[in-house]
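Asks: All chains, please: the whole structure from these sequences, using the hints.
Quick note on numbering: the sequence shown equals residues 214 to 351 in this note's numbering.
Because the hints were derived from the structure by calculation, they are not lab data. Incorrect hints may appear among the rest.
[To be verified] List time: in silico DSS-like cross-link candidates among lysine-lysine, alpha-carbon distance up to 25 Å: (1) Lys344 <-> Lys329; (2) Lys295 <-> Lys311; (3) Lys243 <-> Lys220.
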Amino acid sequence: MKNYTIKELAELLDVSERTILRQIQTISDKLKNPYSKGFTMSEDLKNIVFSDKFQTTLDKENEEEFDYFEAFTTEEYMEFQKRINEYPVLKEYIESLKTELEFLRFNFAQQTETNKSLVQSLREKNFIEAKEKGLDKD
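Replies: Structure (structure tokens):
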């Protein structure tokens, strides 16, 4: 049995490719709905849809012509919702980390200056002690 592309189905049934896509989506939606009372389709479409080799791939050259929709799985949707809900909290947390980082940088700079002063004081003290003991003469 032959595999059909969307373009081939549209030509075969003398409708637009968009119509084929809408019909496939309608069929898919109704088949997923347990309360659906059914739907109507032409005999040609029924024969094509219910063949075991049915293929619904778009030709590459026509891909930009239509909007592309990708559905979430339930797990992906839950993860997406979780991320949307966590975003403000995480953004606030990141801002607090930035503030803390700036504070620590400032403290580090102060400690560096204090250490430089201590080192200089020790050098001066050592120089004075060496001079008092006469160790500065060669």
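Asks: Failing hints, ascending?
Replies: Per hint list: zero violations.
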